[in-house]
Amino acid sequence: MNNLRTPRPVIQVAGIRKTYGATVAVDEVSFEVNDGEIFGLIGPNGAGKTTTMECVEGIRKPDRGTISVLGLDPFRQVYKLQDRIGVQLQQAQLQKRIKVWEAVDLWASLYKKKPADAKRLLDQLGLADKRNAWFMNLSGGQKQRLFIALALINDPEVVFLDELTTGLDPQARRAIWELVRGIRERGKTVFLTTHLMEEAERLCDRVAIIERGRIIDIDTPQRLVDRHCPERVVVLATSDSAAEERFRAIPRIESVVRSDLQFTIRGRGDDLVTEVIHCLSESRIRVTDFRMIVPNLEDVFLKLTGRSIRD
Amino acid sequence: MLRGLWKLTWIEVKVFMREPLGAFGTIGFPVLVFLVIGRVAGRNLPAPSLAASSFFRVGLPVLAALLIAISSVISLITIVSIYREGGILKRLRATPLRPQTILTAHVIVKLALTAATLALMVLAGKRYYPIGIQVPWFGFTIALLISTLSILSIGFLIASIVPTARFAQPIGAAILYPMIAVSGLFSPINSMPPVVQAIARLLPMTYAVSLLEGIWRGDAWSKHIGDIAALALVFFACIALSAKVFRWE
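The listed protein sequences correspond, in order, to chains A and B. Here the first sequence is numbered in the working numbering, starting from 1 and rising by one per residue. Here the second sequence is numbered in the working numbering, starting from 312 and rising by one per residue.
Because the hints were derived from the structure by calculation, they are not lab data. Note that the coordinates shown come from a computational prediction; the quantities given were computed from them, not determined experimentally. We put the CB at the ideal spot given by N, CA and C, even for glycine. Check each hint, because a few of them may be wrong.
[Unchecked claim] Restricting the straight-line Cα-Cα distance to at most 27 Å, the calculated cross-link-like pairs of lysine-lysine (DSS-like) are:
no., chain 1, residue 1, chain 2, residue 2
1, B, Lys318, A, Lys80
2, A, Lys114, B, Lys318
3, A, Lys143, A, Lys119
4, A, Lys96, B, Lys401
5, A, Lys112, B, Lys401
[Unchecked claim] According to the in silico footprint, chain A covers these stretches of chain B (three or more CB under 8 Å from chain A):
no., region
6, 477-489
7, 493-501
So that you can see chain A by itself, here it is in the shape it has in the complex (with noise of 0.2 Å):
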C-alpha cells in the first residue's frame, strides 16, 4: 500500500497564466493535488479561482504553463478526461423545462462508463421526489444538488466543485459538506473552490490561498493559521483589582489591554493558554468570563493579504 505513505499526485499545474485582453487572470500558478485528497483553493470573488478551475478541467486554454490530470493534457485530451471526471460549473443553467430524470438520463448516457445507479444518487441527494420537475421550478438547493448528482453520474475520479455552496441557506450548506465528505470516503479526490473560510476549514484537507491570480501559500488549514497566525487571545473579565500587574508579568505577553472589568490579553503561541491559566490559578484571581479567540483562515487572508476577504 505504497499509496497511502507517498501522495500521489493526480492533478498538477505548473506555472500557467490566462490573460483576458489587457487583465491578467491567473498568473504564475503552481499546484498539485494528491490522490484522495479534498483540496480547495481559497481566495476572494474575481481572484482567479474559476479560471484556474476551468483551464485543469479542460474548457480554457492556458496562454503559459503545463497542466496534467490524471497523465491527461486537459486541453489536447479533452474528451478522454472529461469521461473520467465530474464537473459542477459556478452559475451553471439547464433547459429551464428538462426533468431532473432526463437530465440524469442524458448525462448518464454520455459517458463510456458504466454510470453510476441514477436511483441510487437522486435518493442520496435528496432529489428523489423531484424527479419529475422541471429544472426551471427547483430552488437555488435542489438545483445545485441535480449539477453535483451530474458531477458524480459517471462515478469520476477527480470531482471538481466550483462555489458549490454559493446562495445556499447554512442547512443545505451542511448537507452538501456531508455530500463532499462522503465523496472522498469512496476514495475520489475533490477539487473546490469557495470563498467561504469556513467551508475551506470544515472540508478541505489542503487549501492554496490564492490572491489577484497567483498563489500565496498551500498547506492545511491547521499549518497555515500556524504559520501566518500565531498569535493567541484571551479574553476574561475579573473584578480582582490587582489582576492587571500579575497578568503583565505573564512571561512572552505581548499586551494586555483592559476595558472596565474585561482584559484581553494577546500573545503568541500554544503556551500563552496555558501561562494565563497558570496566572489565574496560582494568584487566586476569581474571573467571571474567559474565551480564547483562535485564528482561522479568514485571519490568514487578512495577514498575507492586508484585506478581508469580504471585501
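Given the structure of chain A, go ahead and fit chain B onto it with the hints provided.
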C-alpha cells in the same frame, strides 16, 4: 463520436414542446394561417389572372416553405444564444459531448419541426389547393431540406457572433427576411437594377428560390445543379467560419 446525439435530440424536442408557445407557435400557427388564407382565397379568387395565378401556383407555396424554414432558423439562433447566455452550452461542454453533437441535435430538431409543419400544411391544405395534385412532393421536400440546411448554416454563423440573446432574434430576422425580397420570388432577377442583381446572386436565398420553384414546377434536378452547388458552398463556408468564431459563453 456522436454519443448522446439521439437522447439529446429527443430531450430538445420535449423541452421545446413544453414551452408555452412551442408546439402551437411553430407548427399550429402557420397551419392555421394557411387554412384561413386558403378559405378566403379559395372563395374570392375564382378566376385569377395569369400572373397572379403563377404566383399562387408556384410563388406562394415556395414563400410559405421558406418562411417556415426561416422561422425555424431564427428560433435556432435564439435558442443557441439563450443557451450560451444561460451557461447551458458551457455546462454541456464540460462533458464528453462534442460541440458538433450539441449543434447537430439542434439542427435535427429544427429540420424535423420544419418538415412536420410542412407536412401538416400539405395535408390540411389539400382541400383548398387542388394544384398540389401534380406537385413532386418528395423532390420538393429534398429541395427544401437542402435550402434549409444552407439557411441554417447562415443562422449558425449569426448565432456564433450575436452578442446577447436579446439581439439574436431581431438580428436574425433583419438578415434573413430581406433576402427573400431580392430572391426573385416576387419579380424576376433579370428585371432588377444591376446592383440589386449582383447582391441577389451573392445571397443563398436566390438559389433556394430558384431550386424550390423549379422542383415545384416539375423541373429535372439536372437543371438546378448550379443552385445546389451554390447552396452547398454557402453551407460549407458558413460552417467553417462558425467553427472558427463560435463562442461557448
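Right, here's what the structure says about each hint:
no., hint, result
1, B:Lys318 <-> A:Lys80, "holds, 21 Å"
2, A:Lys114 <-> B:Lys318, "holds, 16 Å"
3, A:Lys143 <-> A:Lys119, "holds, 17 Å"
4, A:Lys96 <-> B:Lys401, "holds, 15 Å"
5, A:Lys112 <-> B:Lys401, "holds, 21 Å"
6, 477-489, "violated (count 0)"
7, 493-501, "violated (count 0)"
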